[in-house]
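One letter stands for each residue in the lines below.
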Amino acid sequence: MSIQRVVSRFDVLLFGGAMTLAFLGILGVYSASLQNPASTAFSRQLVWTGLGLILCFVVFSIDYHHLVDYAFHLYVLSILLLVGILIFGREINGSKSWLTIAGQNFQPSEVVKVVVILALTRYLSGLTEDYLKRQSFFVLTGITMLPVCLVVLQGDLGTALMYFPILGGMMLIGGLKFRFVAAVMVLALLLAPTSWLVLKDYQKQRIMVTLDPSLDPKGIGYQTRQSQIAIGSGGLLGTGIGNGLQSQLGFVPEIHTDFIFALLAEETGLLGACLVLLLYLFVLSRMVRIGEQARDRQGILIITGVASLIFFHVVINVGMALGITPAIGIPLPLLSYGGSSALSTYVALGLALNVHYHRFVY
Amino acid sequence: MPIFQDNRRLVSRIRGLRTAFVLIFLVLFGKLWYVAVLRADYYRELAKQNQVRIIPMLAPRGLIFDRDGRILVDNVQSSNLVLFLDKAQDLNKVFDFLRGLNLSEEALKERMQVARTCSKYQNVVIKENLSLEEMSYVLAHQNGHPELTIVEEPRRLYRYGLLAAHALGYIGEISDKQLKRTEFTGHRQGDIIGKYGVERSYNQTLTGIDGKRRLLVNSIGRTIEELQSVESSPGNNLTLTLDLDLQMIAETELGNDPGAVVAFDPVRGDVFVMASHPAFDPNLFATRINRADWARISSDTENPLQNRAIQAEFSPGSTFKVVMAVAGLETGVVNENDTIFCPGGVTLYGHYFHCWKKGGHGTVNLTQAIRQSCNVYFYLLGQKLGIDNIEQYSKRLGLGHISGVDLAGEADGLVPSQEWKKKVTGDKWYAGETISVAIGQGAMNVTPIQLARAVGMIASGEEPPLHLIKEGEGYRGSVTAVGSTSTAAPFFKEENLRAVRDGMWRVVNEFGTGRGAMVEGFEVCGKTGTAQTIGNATKKTLSAEEASKYADNAWFVGFAPRDNPEIVVCVIVQGGKSGGGRAAPIAGKIFRAYFEKKHPPQGPPLPAPLQQVASNATETPQPASATNGGIRQ
Chain A
1 MSIQRVVSRF DVLLFGGAMT LAFLGILGVY SASLQNPAST AFSRQLVWTG LGLILCFVVF
61 SIDYHHLVDY AFHLYVLSIL LLVGILIFGR EINGSKSWLT IAGQNFQPSE VVKVVVILAL
121 TRYLSGLTED YLKRQSFFVL TGITMLPVCL VVLQGDLGTA LMYFPILGGM MLIGGLKFRF
181 VAAVMVLALL LAPTSWLVLK DYQKQRIMVT LDPSLDPKGI GYQTRQSQIA IGSGGLLGTG
241 IGNGLQSQLG FVPEIHTDFI FALLAEETGL LGACLVLLLY LFVLSRMVRI GEQARDRQGI
301 LIITGVASLI FFHVVINVGM ALGITPAIGI PLPLLSYGGS SALSTYVALG LALNVHYHRF
361 VY
Chain B
363 MPIFQDNRRL VSRIRGLRTA FVLIFLVLFG KLWYVAVLRA DYYRELAKQN QVRIIPMLAP
423 RGLIFDRDGR ILVDNVQSSN LVLFLDKAQD LNKVFDFLRG LNLSEEALKE RMQVARTCSK
483 YQNVVIKENL SLEEMSYVLA HQNGHPELTI VEEPRRLYRY GLLAAHALGY IGEISDKQLK
543 RTEFTGHRQG DIIGKYGVER SYNQTLTGID GKRRLLVNSI GRTIEELQSV ESSPGNNLTL
603 TLDLDLQMIA ETELGNDPGA VVAFDPVRGD VFVMASHPAF DPNLFATRIN RADWARISSD
663 TENPLQNRAI QAEFSPGSTF KVVMAVAGLE TGVVNENDTI FCPGGVTLYG HYFHCWKKGG
723 HGTVNLTQAI RQSCNVYFYL LGQKLGIDNI EQYSKRLGLG HISGVDLAGE ADGLVPSQEW
783 KKKVTGDKWY AGETISVAIG QGAMNVTPIQ LARAVGMIAS GEEPPLHLIK EGEGYRGSVT
843 AVGSTSTAAP FFKEENLRAV RDGMWRVVNE FGTGRGAMVE GFEVCGKTGT AQTIGNATKK
903 TLSAEEASKY ADNAWFVGFA PRDNPEIVVC VIVQGGKSGG GRAAPIAGKI FRAYFEKKHP
963 PQGPPLPAPL QQVASNATET PQPASATNGG IRQ
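Going line by line, the protein sequences match chains A and B. Residue numbers for the first sequence follow the working numbering, beginning at 1 and rising by one. Residue numbers for the second sequence follow the working numbering, beginning at 363 and rising by one.
Bound conformation, chain B alone:
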């Protein structure tokens, strides 16, 4: 290729190209001028005729049933006031008008804020569930306010109010933060989503597909023609494993005391009961906004929004002794028949540790120690095991790790270890600390569901795959909760577990601390606990009134029957003072209700036709939910 080329011709021609570009662009500019300036009024007029109002038709969320097919969460029609932003001339005037509604100034301001940030072609729900007065107020002024329309939309109804509120959860308008999460992909501003509990875990299943109506409207907003109508399709229904009867008993028995109850099938993992007190009413959240209620609930010092069953961490107290027993037998440190002598206390590492019984328990073996909850036995066992073994077996029983139940926000709990202490305090582990941990005090912390799951493993020898949702309906299994130390069940020797179960049976049936949980014919096994919330030394410094705030927590955790267990129940009553006195009877009522539901007490025999009806009634809900994999609305 020549280095010097005579390009002059080409260069002159390409200059011509530039002239051509400019000339043709002038034509484009000319036409743009014509359309956007000279004929702007004409086109603006045409644009006004293109008035379309898109009215979303909210898809009802799927219904939620209990395990017997009883509706827990339902939908009802509600009249909502919707503001169409494109029609609003002056937002301030609109909001002046809206002051006529029964709506707090604060809520109004919040809605106004939303209205100001939305795109012009979105609609804002101003108020849900209008009263008759409010509806007539709006309708009477409709002519002056074409931007407001009353739209019928489905609204969530939690039929039993506070019952199982934490498990069911609540819904609400999607937040800006949530909009950015992949969990809520496909949602847009103003959408209602599940924010808590099952409503959140199964949001995708429950969410339907919204429909819409495209209406041609005139300049005052009156519909001229329906251009398009897309029906909404409701979300899928869910059947939970919760048992409404048992749940009701648990919540009634907890009463006004803060605490939690969990019950589940230790083999299948079906959660029958999940109660947490104090609770909140999810119906208050079912309307889009109610700031006052929200503020009241979220700032409540009792923290009603916390699901204590899975989020609150407590010292397990004496219930931890069953974990110690498993560790002792599995490591071979003790034998089922080894005995110790309890004189009412023991001096270890230069410190005197009390048994709860002043006179002492005398000579006790493992099962007797569990039955009488003898501290001295477990102090000595703890000394023999050492913190490393305690840590290892606690973790193998799932403590210190989420249980994997299908709800968000579970707490991990805490199993203290040398490593942990080094990390947190920088100090080394003292052997004396092991002694407190051995009776479930010290740094050891568990959530009720973790403790129940550990006892479930002792009961069945298997890891319960905990879930709130019946299989086959969007069921997504459960996360394996236990850390990598355990792989497959059974991980413990059956004879060791049997010895621990034997001790737990004695707790309930041989005048042990848990006799309040006894159910005739149902072989209930369990363990009580009365866990301190603050140290003895601290308690002495407090006034009587102050001290009552830190009253001991009452625990009961157990299962039934002894062989082939069907149900695990864990109860904690905060400040309940006595595990045997306060928690065990609650568990007993749940065991009894479960047992009687399965084996109805023999009353006077029903006449034959009625018997037929009765058996049909109990059978029908089952197949509907189990085989169809979801009842469509």
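Chain A extracted, bound-state conformation:
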């Protein structure tokens, strides 16, 4: 590929939007580590971003058709990896989902999401039916459930849940009959009470408190409440980076990971928060546009998976900060501190750029 062709076919808008978000994230992580001089979060985030970008361009440079061709191989490798971690992995905060590479802790379950996107694409694109048959439905569900079960066994329910939007989004685009949608809803309703039995106490509490934060203002509801105070007291322009009372004095917990949106909202105000949301919306609609122009089913499906993945992370995370969704520890893509999330997001971004690049047949 000649340089000129790469440049002319590269989706600068999508990449630019994503990089603006990444910059805001680095700013947020910097601010969050101001009160702790020993924290290395800021410099690490820079390193992760750098590594992520490298990975993004690696993924970008391999024609996505080849990636889809090898999707099942990658899938099997991923499953083996997850099983291995279940046995040999490292336990942090009650989740045995961590791998330590060169002193850095890393959660492969994040990156496996992208592999699942590829695997589902591979299967879906091979189908000739206009609407999914029952058999296809079960195969797709099976492909997703296997890693989900492993991740649940690792004790990381939050990450496991984020596999479902991928499956849902891709099946909808792949041709899901209304019958199935209805069936899934009924199944979910039936399963909800059963899942209540599986959930751990603190997870149940979280759900209850989300429904009614006043249940426990000083305990579980505390995080959400403090995050809302941060967002609500930021004003139009915010307090300025490093000056947010809520963010700097440790009122909002997990400020550099799960609640980075609250920090940005407090310190850069309503304008900053709106900017973040608009940027996400821009990135997502850019992805949909790439899907519309994609050359083939595979491209469309990949885009669907990637967009669903990012969309649900944003909605759940921002919803949590605003007090709409339960407080499950989901990172905000491109903004939150954390290596695993950053790497998987950049891989996904690389896939989207890839589909855009190969949108023409010749």
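Since the hints were derived computationally from the structure, they do not count as laboratory data. Beta carbons: idealized from backbone N, C-alpha and C, even for Gly. Heads up, a few of these hints could be off.
[To be verified] Negatives, chain B to chain A, calculated, CB over 12 Å:
no., residue
1, L524
2, D662
3, T903
[Claimed, not checked] Between beta-carbon pairs, the in silico distance windows are:
no., chain 1, residue 1, chain 2, residue 2, range
4, A, G155, B, R370, 38 to 48 Å
5, A, G50, B, T895, 49 to 59 Å
6, B, T547, A, R90, 20 to 30 Å
7, B, Q551, A, Y70, 11 to 21 Å
[As the list claims (entries may be wrong)] Some, not all, of what chain B presents toward chain A, calculated at C-beta under 8 Å:
no., residue
8, R370
9, R371
10, R377
11, R380
12, I386
13, F387
14, F391
15, L394
16, A402
17, V414
18, I702
19, G706
Once you've looked at the hints, dock chain B against the given chain A.
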């Protein structure tokens, strides 16, 4: 795979996805609007209730003891005025109020600058060590100024003021530049760090872990509840190898003259004395800011901040003759018993070189030449050796290279060589220059500690691993100072070193130039030097007053006893004019004090019980510091 696919269904569905995204984002925007706009007042009110004040509890730095366990550097409590920036409404008003303190306008401005650049949730120390008047002034106006609080913090106290100031060093608020250095990783703005001397070299050991109190306060800053309290843990104590008694003698004897004294154990490398005059009072730096004092000290033309013992470079003068002697014997150019005739001068390369003694020394051999400091002998030796040999042996004795003592900022000194001259002047080396170098003049430059270390090697045949810190307490050894030319000790033939030592013994004990350093029963060996600071020709052009500024430097460097040496002493008095007259007596007092401390003079015998007490008193400090590896506070 078909090239043309009918993707229309998928494309239409993915358009639906976009609609779904937009709709759900509208919900997020809606809730954001609700929280940040509609209910902003409500949340702002809640935020106000979340008022926490974090009061740091500064950890005291570790204490510093001398080798006998006497406290040199201590901590005292000091009342500091702290400004909490988050509570300050109008900084200008605050600083107007602060004008009521006994604080210079300049210092106030500087503090204001710091306050303006800090994050809102950091605190700024406005003034340390408040007087009673200042405290009552602040307390009386406390209601109007909730942003100011008086906090008790430990403050550094250098018990002996200027004594050993350069070795002990000083502390200060970390600078922006230092914040970026790895040496100070983990420190943050406003932290107090060691900036000089041992305080800096062992900053990590001495630094404790600050504690903090998280207080819930109301809107006027009154404490409602203590949320959390983390005790500070003090830094580790250090025991130095310095000997307070010897240090005191050295500094008293130097008096007001600029100069330096170094003394150490040539085998173990323990530094007993490190003095540099003029000195500064590190207590002036122990308070965070005192710009006037800082400006006065740092701009002083006498340069009191320079540690002359390790940072000042001087011509070694005649003391260099011992290095020449080692070089001569080791290369075999001369034999201990070879003699020359000194008629009071010699013509070499068409230039007449004087001996310091007009009538000449007559027939002298090596030891006699050292004893009488005969220039002619060493001119001729220099001619035979040539600059390359002189360079090689000087470097093997550690000249031209830092000594590796555990202090930052050591100077390298300079050993001239053909290569050096070519590099600096582009000109080639002239044989005549070698003659000046042979008596320690010319481009040859040493620091006092280097010269002392070279003599230490002559005394013991080993490289002294110089350090100021007693082993076992954060001791980090010393850098091998000598360049790659030398590997393992002993690197010189013992009989050669013995001949040089013999000459040095004669200098002190056989009515040589160094007799002022003689101590009965302690076999002191040494060499004096009287080094010119400017050339004779230049001197003639100056007025008498001008010339006195450039009076000769007085050197003495020596060790004792002759066999199994225990102590090396090096003294330089700048403008002291005569090594034998000014420097040797200072060294003599130090040798004597060391000797008498080890072998107390026989006075009238003490009554038995008192003797018991006396021996206990001298013994107790030793094991405490040697076995525990640090006394915790």
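### Query
Per the CB criterion, is A402(B) less than 8 Å away from chain A?
Nearest chain A Cβ about 5 Å off; hint holds.
### Query
Measuring from beta carbon to beta carbon, are G50(A) and T895(B) in 49 to 59 Å?
57 Å, holds
#### Entry: Hint check: 8 Å Cβ-Cβ cutoff, V414(B) to chain A
5 Å, holds
### Query
Holds or violated: is the Cβ of R380(B) closer than 8 Å to a Cβ in chain A?
4 Å, holds
### Query
Would the stated hint for F387(B) survive a check requiring a Cβ distance to chain A of less than 8 Å?
5 Å, holds
### Message
Just to be careful: measuring from the Cβ of R370(B) to every Cβ in chain A, is the smallest value less than 8 Å?
### Response
11 Å, violated
#### Entry: Evaluation of the interface hint that places L394(B) against chain A, nearest CB under 8 Å
Cβ of L394(B) sits 6 Å from chain A, so the hint holds.
### Query
In terms of Cβ atoms, is chain A entirely out of 12 Å range of L524(B)?
34 Å, holds
### Message
Assuming the hint says 11 to 21 Å, is it satisfied by the Cβ distance from Q551(B) to Y70(A) or not?
### Response
52 Å, violated
### Message
Quick check on R371(B) please, does its C-beta sit within 8 Å of some C-beta on chain A?
### Response
At 7 Å from the nearest chain A Cβ, R371(B) passes the 8 Å test, so the hint holds.
### Query
Looking at D662(B) again, its CB stays over 12 Å from all of chain A?
With a cut-off of 12 Å, D662(B) remains clear of chain A, as the shortest Cβ separation is near 35 Å.
### Query
Measuring from beta carbon to beta carbon, are T547(B) and R90(A) in 20 to 30 Å?
The hint (20 to 30 Å, Cβ to Cβ) holds, given that T547(B) and R90(A) are roughly 26 Å apart.
Consistency note: the structure conflicts with the earlier hints numbered 7, 8, 18, 19.
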